[in-house]
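Student: As a plain string of letters, each chain reads:
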Amino acid sequence: MNYYSKRPLADIPQSAAVGSRVPHESAVQHVTGTARFTDDLHSRHTDVLHAWPIQVFVVHAKVDAIDTTAALEVPGVVRVLTAADVPGVNDAGTKGDEPLFNDHVRYYGHSVAWVLGDSVEAARRGAEAVKVDYTELPAILNAKQAIAAQSFQGFQPVMARGDLSDGFDQADHVFSGEFEFGEQEHFYLETHAALAMVDESGQLFIQSSTQHPSETQEIVAHVLELSSSQVTVQCLRMGGGFGGKEWQPHGLAAVAALGATLTGRPVRVRLNRTQDMTMTGKRHGFHSTWKVGFSNDGRITALDTTLTADGGFCLDLSEPVLSRALCHVDNAYWVPNIRVAGRIAKTNKTSQTAFRGFGGPQGMIVLEDILGRVAPQLGLTPEELRQRNFYVPGQRTPYGQVVEQSERMPQIWDQLMTSSEFGARRAEIDAFNQGSEHVKRGLAITPVKFGISFNLTAFNQGGALVLIYKDGSVLINHGGTEMGQGLHTKMLQVAATALGLPYDRVRLAPTRTDKVPNTSATAASTGSDLNGAAVKNACEILLARIAPVAAGLLGVAADDIRFADGKVSGLGSDKSVSWEEVIKAAYFQRISLSSTGFYRADGLHWDLAKFEGSPFKYFVYSAAVSEVEVSGFTGAYTTRRVDILHDAGNSMSPLIDIGQIEGGFVQGAGWLTLEEIVWDSSDKESKGRLATQGASTYKLPSFSEMPADFRVKLFEHATEPGVVYGSKAVGEPPLMLAFSVREALRDAAGAFGDLAKSVILKSPATPEAVFWAIERARTNTPAEIG
Amino acid sequence: MTDTAAKASTRKLTVRVNEQDLDVSGVAGHTTTLNFLRDSGLTGVKEGCAEGECGACAVLVSRPDGNGGTQWTSVNSCLIPVAALSDQEVYTSEGLADGDKLHPVQHEMAMRGGSQCGYCTPGFVASMAAEYYRPQRRSCADICGSQSCGSPENLENSPAQCATDHELGANGFDLHALSGNLCRCTGYRPIRDAAYALGEVPTDDRMAKRRGQPAPTAAPFQLQHAEGDFVRPASLSDALDHLAGEPEAVLLAGGTDWGVELAIKHSTAPLTIALDQLDELRTLTQADDYLEIGASLTLSEIEHRLEGDIPLLAELFPQFASRLIRNGATFGGNIATGSPIGDGAPVLLALDASLVLASQGGERVVPLSEYFTGYRASVREADELIRAIRIPTPVAPHARFYKIAKRRFDDISSVAVAISMQVSDGQIRDVRIGVGGVAATPIRATDAESALEGKEWSHETFAAAAQVMSEVGTPLDDHRASAAYRSATAAQSILRFFAEVTP
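Chains as they are written, first to last, in our numbering: chain A, 161 to 946; chain B, 642 to 1144.
Chain B on its own, in the form it takes in the complex (with noise of 0.2 Å):
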């Protein structure tokens, strides 16, 4: 143990929860915040689904905004062990109202028959609420001056530079702020039009002041419990001495994965180490030849900061999980985890990314394409972590990703395709698809990219390389898809490029 963790480890750990400071000093590693909330008599947080699929247990955390000031995030409760949260500000639907007066969140979703059983509202409302919140979300009316098309009612009216549409409200409202949360009662068109309805926020709305103040620090900290230690290390040389102390330590991020096995397959660690607040891990920095993306920088923030720089992952972003997930994922965990049907992976492959890996021996760089070795296996040694990712600029000018999967928001894939390449002098050049879902582990699909590589820009080049496509990898029958259909449609995926791309 280090001399900061030693200190560290003798102070009583706090949540703030609804303005409140509850003690957790005496939990274990693997409790997770939705069973220390309910076990706190904060019952209106709910498990629908203990795998951040259905967001019952959505709640509200205070994240640094990237300004200084501080994001009122929506997250799953489900999957964030509570040690995590130490120090850190949270509220939950039973701390939105203003003593009788419901929050304009609560009001819209009650009045307009947001809710009919109730047991998803309390996560509907959080995740609501973080959109309410949201700094950068505008309305119509702010946009154009119009103040025709403020209310769902008159959604269809709205004129078109508003751009909204049903997934985006006049008052700015973006619906995947949603898309985490499941409903099974009212169809959702009820939810929609709360949200479509909501105002600007009052500058005196007390999270809305809230906002304006830097988000708590982190503080480095140990607890001790008998089924598991945590530990939030003050630093990255700190972190990499208690992995190299406890080869079974879990790395923790956001625990959008690590989460689930403690949900759901009740597992333990002895020890896990919070990587989500290390400095080191949260940058986002742009080199000569290369972007470099901390390893620990959740997918939104990555999404909010690269405003669409890199085409590529700005498609993959909306289609990666759901906004709940998006607020805790990262990289480092979505490629650690080593999933064959991650999202990640096969965008990272198209753009040619490389992965930093950090031990107590220093760092060394190794290219995705070189770093899975087999099913959940990969290159990394045990004391290493994934402390950035890095994609060489300027990237490729043409490119696209495809998730083939059941539904459009938060969903698996069955297949991920990714694909990027040059196209110069209608002669195509540095082709790399990444796909998902077709092996033990994510792959590029080589023999495509060279049916493609140097090859005329025609519909029968294409149609050439989606014959070769239809043989990648050895796909699997499984409950998400039939083997045929995931050859057929990584097959289309070639075809589908060729006809939406223009060179």
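With the rest of the complex left out, here is chain A (with noise of 0.2 Å):
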């Protein structure tokens, strides 16, 4: 043990480069164009072959013959890859129910084989040539038609505690229904891309898009029969990823190397937006039916809900997205008598996958949707409703990990409560709806609780590897990727600090499987949690190895010695040499200066067969207000107000962690408010189409879903212990924040008419789902509520 190393890992020393609001690591290369993606990169190679699926067109079907030869007649297409090229495992993933190359269509757009052309004009033109027979099978639509059906896949949890019926017995109102809503498309701009290539020396090379450069690696492996160390990926950067790039760029990184392996050129994979959205998998939708019992003061005392995520055609990540959905549907509310059940439908869609949040908000919702829609029959506001429930100090999840830090959650709510001036504006509010016919406004709060760490314990590990050259210059690798979220640049923080170094000595390279070996997906917001801890673990290696040396330099012991703003010094002197000094005395005494980071996650356990544990390093708490004002005469809004108050611990950089809660709130907002994915429910020969499949009718928010005034604070004196630096995970948890969008948007329908009746809103709550609660609303539908 040495003093670097028996630091505690929430400990930030003076003059620290984590915590200052730095701009993204790239921001100069992003607003210059010089910002390179995956799929820039082609133009830099010569004979580059282009790829282009071969979709079939038709919901599901048993494919009987592919016949490509008039593909091959097309002048520039060079060949056609089918499953009979594989010469190992026909599997984009890793569970065996996902081929590369199908003989089955499974949705409708499901590719079987792909063309490689000199141009992207070829392989499209030989792709349209390419004749494939097929005989139709039955389809399953939907949640629902498998629900009927009983068309599941993968496990089916039950998560419980208590006793049920107890529950409903002390119960004084019980309320039953039934909630579901569609996907949610990632359209993260830079659709999925990858181009490969057999590099100088034989082995294969992949630059792909992806968040997860170990998988994208093994599944390349298994499918060309090679090992993984004869594979190497990198992924320079994302275009956003948002989860969309955790599971579904493996196939396609798969097929740009089966074509490299077999042409000796390098083959680019880009799929188009069209492509993108037909193909590739988005936030699972969900069907619920639930119960609930509330007693006379508004507490819970029992809810029994079954969840079935809509899988698509395959497993993917449905089985983790189903558990986290599970392990979030308390949110931030005791239920004493809980019983949660979870199943996958197995429907011909895309394989639906991850995507910020993780089935959380999946979960969550059921429960804030119940609490929106009951507290007017409960004779409570919404909030005074959401506030009686909230965890108390030493009460455990329904998976029976207890609530650390739940004390900050009415913390948190009440300071949100005085900060955005609530009861004040409640009032103006009700005052301006009293005067106004035809546009109302709507106000709500609403809390977030979430868990941080992959719910399967194995994968909460990182790792980094930190170089030190002999003229004093830092390189350092990690695991994670840089989708936009800012990893790098707080990974670059991180260095800094560790070494005692200014911010911008440090260099950064890009993620590569060859660097840093077996690391996990850059997903369930631990990216700067793993890769940090392990980053700062490299760093304090090598100042073990230093501070010896330094100590030689200055006659100081080692343990005394620090490092900082670039000078080494020892504690008591007044001496200090430079960083530069050192690295070459410690060259010159031949001292390794490399060295790999690791860092484990403590504490975790889980088991999944009991669907029970401890699967959470810790909980991000968060709460926003939001105003609206609403249209009757089109259920058209617009978002006045948001105040958020969030836990980012002790924030590693400002900018970039504001960053990530307004855009996870506002495209948590277009979740709930405005991104609807249809689907061709016909009985047409277009059934299954995804009638969506473009930004001309998928509408994702846009400028004018900004909220007009937007405020977001960081809660204070928030270190978190055991993390590094103190910090807190941010991708995910705001996402969930936009619920009090949501949530205004009922209050303000129910305005348009008697506000102590229940109000029943779509989701997403697009203008005409708002449109129809207020027609409820003003013609005094009965609310369809038990």
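These are computed hints drawn from the structure, not numbers from a lab.
Take the hints with a grain of salt, since some may be wrong.
According to the in silico footprint, chain B covers these stretches of chain A (three or more CB under 8 Å from chain B) [what the hints assert, rightly or not]:
1) 772-778
2) 927-940
The calculated BS3-like cross-link candidates involving lysine-lysine, where the alpha carbons are at most 30 Å apart (straight line), are [as the list claims (entries may be wrong)]:
3) A:Lys-847 to B:Lys-906
4) A:Lys-873 to A:Lys-917
5) B:Lys-906 to A:Lys-844
6) A:Lys-222 to A:Lys-727
7) A:Lys-291 to B:Lys-742
8) A:Lys-255 to A:Lys-304
9) A:Lys-166 to A:Lys-727
10) B:Lys-850 to A:Lys-222
11) A:Lys-922 to A:Lys-844
All C-beta atoms, glycine included, are put in the ideal place defined by N, C-alpha and C.
Each chain sits in its own coordinate frame; assemble them with the hints.
Tutor: The following block contains the structure:
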């Protein structure tokens, strides 16, 4: 043990680079158009082949024959890749249910083979010339049909605590209902892309827009029957990921790799937007049935619910998504008696996958929707009903984890109620609504409690490689990927802090599997926790080696050496030497100047079979207040003001963390109020077709959905012990703050009628959905609620 | 082929991009500017959607400012065949910095957290730069002399007379300039702050100086390519000759519809005839009893030149797609494409507009209400083009345009309703209601018009007309809206008119 490895993970030294408002490390390249993305790279190579998928436009069919003769006659077409070309395992995933080249069409537009051409045009025309014979099969188009047909896949977990019948016996009010909502498209601005080539040494090198390079590597290796050591995957950066590039890039990289291996030429795969939307997975839509009991004073006594995730045609990440959904049904609320059953519908749709929040939002919405619906029937304001049910210290989640720091929830809530002037604005809005017949305003506050860590304990590890060159320059590598969330910026801050160097003295190399192996996906908000601790660990290992050298130069004990601002000094000594001098001396003393770093998040355990344990390192707490204005003529709305108070621990990088909070919030508002995936549910030949397959039909938030007045603050004095520099994860939790927009819309819709009535609001609460809620309020249509 | 075009075809064609000439002599008529730029190594220009919805491909183009100078105009490069930019000047995000010194737009975006993943950023930079250089941009300080409100942090304290709100910065930055750019990461607030933090344009700025010089002329040319020719005719009559010679020719104005066909449906045409720079189609004239708008004027140009003179058009423009689209889109194209959900037609129907159709045989004037014959079909013959739109003046004093869509900026209507009428002595006269989204073509809501015409201005009248309006057309259920919602909001538009208009 030495001084550098004894310091608690959360301790921040003086003059640290962490905690400062630095812009994104690639900001200058972004704004000058010089930041390269995966599909910007192929023009640097000659002889590149372009790939185009052969999509079959029928919802479910058995492929009888694929005739590629005509395609091969199209000028510029070089080869058609089919299942027969696969030397290894024909699976784009790890579960054996997702063939890379298909003999079954399992959703409308499923690809069965790929054409390689000298140009994109040639490949496309080749694909048009391929003839696919198939026999149509009966299809299951949505979760409800799957439930009716008992078409499920994967596990069917049940999370339970207490005694439901006791809970319902204690209830003064029992309500039940059914709730469902569709998928959300990631709509990362950069569609999926990969570029594969056989490099100078004969090894496969793949540039991929992937959140999980190690798994991309693993899939490519099994498809090609290679060892992982023969495949290198690099991810420069992604133009947005949001979970959509956690699993889905693998098969596309494998197509490029297979093509490169068979032809000896670099192969580029890039999905255009239509292909990306019709071929890749989305946030799971869910169906739920629920029954809930409340006491007269508004406390939840029991909740019984069944969540059915619409998984699409294969498992993908549906099981862990469902796990997180179950683990987040409670959100911030104590539910003494609870049973949550989960299952995954198998339907003829794209394979639904990870998306920021990873099931958490889909679980939370069930109880948040219930609270919003029933508050009027309990004679309470929604904010009062929510607050009464908050966890208190010592209580456990339904899966048995102690809700540590649960006191933060009411603290945040109270501070936000005050800072947002909730009470005064409530009165103002009521007055406004009194005087306004056709336009109403609504106000709501909602909480978030979100568990941080991968549910599966093993994934909670991070790796890094830090290199110090003899000129004193530092190059860091880590296992995480950059998708805009600012992870690389934070890792530079961590390394600079740990080494006592100014921020701009550290460089970062692109994420590659030959630098850091066996990495976990950059997902579950854990990127900076896991990789940051690993980078810090590598730096501290190096400092422990360098300190004795400095000690020799300065004549003090090694444990008394301090590194700060690029200088090395000794405690109680006014002498110092430069970082460069020490490094140079270390080199000549034959001290190793590179080190890996590693981190495992401790204290975690999870028993999937019992659905019990302490899977999360900690919880993130947050709350938001939203105010909306709704037109009674159309149901269209604007978001007038949003106040957020968010617990980011000691924010590692405030500019970036605020960006994550705001961006996550708006993305959540998109999911809840705007973004509507529509599948053709007719009986026509187009059944199962994605009707919203472009930006013209699938609307994500634009400037017009930005809150006009957006006030985001970080919760203060929030050091998180046991996490790198006392920070907390920030990627996913803010998305769920957008429940406040949905609840404000419900509030505004209710203002068109009798506020004592329950308002039922579809999700997403598009202008049309809000309009129908208003119509029900105006015409006093009874709420369909038990 | 005419003599002019034959001569023109021999010259070398270039586009000046970031102050360097790029050769476009060999391109196909359907090669988009986006693909051309990326293939030329300018990979800062991104494809996000390939249908003009996301703005990741936005670039700046030199266009006439209407006063003899040049306006830096932002457009979607994914929609414009690069041949159409021959002789023009283009800037991409790569060309804006001055050596190592970031352009002010780039600096504000970078330092304020305006980029996260960075993929949409070059397009935002282009759109923001266009607004930065917009000659009419006037800061709060310019208008009222106040220096106190020039920062985004101080927005809410801005004096009321500056008319700043969250969509208009104290520096005169109109947020609608960014309505065609999508960002999936930031939630937009830092981008807005970057936009509102921009200062005055320094007089020695090279792009500012360029504004004082005329825009490049668009000399006629013809490009021949195995996959489709492209011609910029010398005159209207030259254009009509080409059209008569090739009935399958595509007429190109702003490309905001044809560009989508190119990029999404991979369409090609044997001949593309560029009408965007034809003088005869770029006039705006007031005759005794009508206003004539050239079919190739862009909506942005019309908006700027009318300065609110036709209130119904002034209501339409900010709701019509996005600034990026309006900088290319024309009424000629909007009507010619014949979409039942286009926003132009309902408004022009309510304005009782007519179309001037030109062919080699001469011109004829067709009322817009008689123009559409079916889904994307019209009375226009294959050898005819729309030369101009005529709007009778003076226009009716009471008019409103209601667009029902999921999103306030840059969306396609579920239903669009334009209502225009006179009210004298409490009586409703000259009612015209144009509706989109409820039938195979844009239509006049004649039954609802009848329910209002000659009636008394009263709630009862409008409630009865709304009832009639709920039966308008034959709306469909689709991915944008249900038929029931379309009918309900069409009816609500009548009630809304009554609520909002004071006769």
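Student: Confirm or reject each hint.
Tutor: Hints and how they fare:
1. 772-778: That given contact is violated, which follows from only 0 residues of the stretch 772-778 of chain A lying within Cβ reach (below 8 Å) of chain B.
2. 927-940: Since three or more residues must qualify, the claim that chain B covers the stretch 927-940 of chain A holds, with 5 doing so at under 8 Å.
3. A:Lys-847 to B:Lys-906: Given that 30 Å is the threshold and the Cα spacing comes to 21 Å, the pair holds.
4. A:Lys-873 to A:Lys-917: Roughly 34 Å separates the two Cα atoms, so the pair is violated.
5. B:Lys-906 to A:Lys-844: Holds: Lys-906 (chain B) and Lys-844 (chain A) sit about 22 Å apart, inside 30 Å.
6. A:Lys-222 to A:Lys-727: Status violated; Cα separation ~68 Å.
7. A:Lys-291 to B:Lys-742: At roughly 55 Å apart (the allowed maximum being 30 Å), Lys-742 (chain B) and Lys-291 (chain A) break the hint.
8. A:Lys-255 to A:Lys-304: Given pair Lys-255 (chain A), Lys-304 (chain A) holds - Cα atoms ~25 Å apart, limit 30 Å.
9. A:Lys-166 to A:Lys-727: holds, 21 Å
10. B:Lys-850 to A:Lys-222: Roughly 65 Å separates the two Cα atoms, so the pair is violated.
11. A:Lys-922 to A:Lys-844: holds, 26 Å
Hint compliance for this structure: hints 1, 4, 6, 7, 10 are not met, and every other hint is.
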